[in-house]
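Asker: Sequence:
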Amino acid sequence: MISEVITSVASATVTPLARWMRKLWQRRSPLMVVATPRIPKAWKLALPDTEPLHAPVPLTHSERRYRQMYEWLRAKGAYDYGVTSLDLHLENRSGEPLIITNIGVRKLTIGVPLRAALVSYPPAGAVQKELIYFDLDEADPSGRPARFDMDRLEPIREQPYFLDRDVRLGARESQTFHIAGATLRSRVSWELSVTILQAGKPRTIFATPENGPLKTSGTPTEGFDGEWIWNWFAGEAASFAPDPHPTA
159 MISEVITSVA SATVTPLARW MRKLWQRRSP LMVVATPRIP KAWKLALPDT EPLHAPVPLT
219 HSERRYRQMY EWLRAKGAYD YGVTSLDLHL ENRSGEPLII TNIGVRKLTI GVPLRAALVS
279 YPPAGAVQKE LIYFDLDEAD PSGRPARFDM DRLEPIREQP YFLDRDVRLG ARESQTFHIA
339 GATLRSRVSW ELSVTILQAG KPRTIFATPE NGPLKTSGTP TEGFDGEWIW NWFAGEAASF
399 APDPHPTA
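Numbering (the numbering used here), first residue to last: 159 to 406.
Since the hints were made in silico from the structure, they are not lab data. Note that the coordinates shown come from a computational prediction; the quantities given were computed from them, not determined experimentally. Glycine residues also receive a C-beta, built at the ideal position from the N, C-alpha and C atoms. Careful, some of the hints might be misleading.
Quick list of in silico lysine-lysine cross-link-like pairs, DSS-like style, CA-CA up to 25 Å [said to hold, decoys possible]:
{"id": "1", "residue 1": "Lys287", "residue 2": "Lys202"}
{"id": "2", "residue 1": "Lys234", "residue 2": "Lys202"}
{"id": "3", "residue 1": "Lys234", "residue 2": "Lys359"}
{"id": "4", "residue 1": "Lys234", "residue 2": "Lys199"}
{"id": "5", "residue 1": "Lys265", "residue 2": "Lys202"}
{"id": "6", "residue 1": "Lys265", "residue 2": "Lys234"}
Pair by pair, the computed Cβ-Cβ distance ranges are [said to hold, decoys possible]:
{"id": "7", "residue 1": "Gly253", "residue 2": "Thr379", "range": "51 to 61 Å"}
{"id": "8", "residue 1": "Lys287", "residue 2": "Glu254", "range": "44 to 54 Å"}
{"id": "9", "residue 1": "Gly358", "residue 2": "Ala213", "range": "28 to 38 Å"}
{"id": "10", "residue 1": "Val325", "residue 2": "Ala395", "range": "21 to 31 Å"}
{"id": "11", "residue 1": "Glu249", "residue 2": "Trp390", "range": "46 to 56 Å"}
{"id": "12", "residue 1": "Thr259", "residue 2": "Thr366", "range": "19 to 29 Å"}
{"id": "13", "residue 1": "Thr259", "residue 2": "Ala399", "range": "42 to 52 Å"}
{"id": "14", "residue 1": "Ala399", "residue 2": "Gly253", "range": "50 to 60 Å"}
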């Protein structure tokens, strides 16, 4: 609504007023923040119950791929097992430089790990990426530089990522950060926080993906009741089958 007003005023003869309104809007929301979960081609999900294992999968054979199956199970209450990764895109919409002084985590809910079932999608090639890693088992996680190799997180150094650096975004500039949150012994729903400095004033903006909070669950103390794989490679006979190589 406001952007439509700005557009209409900008086309009118009152140019100074249009510029003032545009600057006011940009100052109120100077940073565009978009959090997009990454769905790996090899994933593991912890389920709250076994209902999806016995329910008809409402997908055609051609759609029974890693992304569609992941989204279907997540809609049934599944959590990422161990690690959740995402891209955090930041864009400076103002005409003034912004300084990103920190990226953090805000935990929304905390509980014990889900244990009804662990479902895996078989690996399909290695993926390596450098990112900012958060240990969700910490009371107040700090982002640290790490390397993600398949389903393993390898810390590059223990020093927090933003301890000795700031990220400067010039006017209209953007940057994307690769993020991962991991837990061994908790079940956490969470979102990211971005702290910026504009004209000497700090401000914190929270980033939640479009489909809701990020959800990560660790390993239950007594293990999972059952472990399964989605054997998509079986063609029309594709189904959930017991995992021949369980984590235990």
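Asker: Can the restraint linking Lys265 and Lys234 be considered satisfied, given a maximum Cα separation of 25 Å?
Answerer: The hint holds at about 21 Å.
Asker: For a C-alpha distance cap of 25 Å, please report whether Lys234 and Lys202 respect it.
Answerer: Holds, at about 14 Å.
Asker: Indicate whether the distance between the beta carbons of Glu249 and Trp390 respects the range 46 to 56 Å.
Answerer: Violated - the Cβ-Cβ distance for Glu249 and Trp390, about 36 Å, lies outside 46 to 56 Å.
Asker: Do the Cβ positions of Val325 and Ala395 conform to the proposed distance bound of 21 to 31 Å?
Answerer: Violated, at about 50 Å.
Asker: Range first: 28 to 38 Å. Now tell me if the beta carbons of Gly358 and Ala213 are that far apart.
Answerer: violated (56 Å)
Asker: What's the verdict on Lys265 and Lys202, does the C-alpha distance respect the 25 Å limit or exceed it?
Answerer: Roughly 21 Å between the alpha carbons, so the hint for Lys265 and Lys202 holds.
Asker: Regarding Lys287 and Glu254, is the given constraint of 44 to 54 Å on their beta-carbon distance met?
Answerer: violated (32 Å)
Asker: Indicate whether the distance between the beta carbons of Thr259 and Ala399 respects the range 42 to 52 Å.
Answerer: holds (49 Å)
Asker: Do the Cβ positions of Gly253 and Thr379 conform to the proposed distance bound of 51 to 61 Å?
Answerer: Once the Cβ atoms are compared, 54 Å apart, the range 51 to 61 Å for Thr379 and Gly253 holds.
Asker: Taking only the CA atoms, is the gap from Lys234 to Lys359 under or equal to 25 Å?
Answerer: The given pair, whose Cα atoms are some 42 Å apart, is violated under the 25 Å limit.
Asker: Is the straight-line distance between the alpha-carbon of Lys287 and that of Lys202 25 Å or less?
Answerer: With Cα atoms ~18 Å apart, Lys287 and Lys202 stay inside 25 Å; holds.
Asker: Is the Cα-Cα distance between Lys234 and Lys199 25 Å or less?
Answerer: Status holds; Cα separation ~19 Å.
Violated hints for the displayed structure, listed by number in ascending order: 3, 8, 9, 10, 11.
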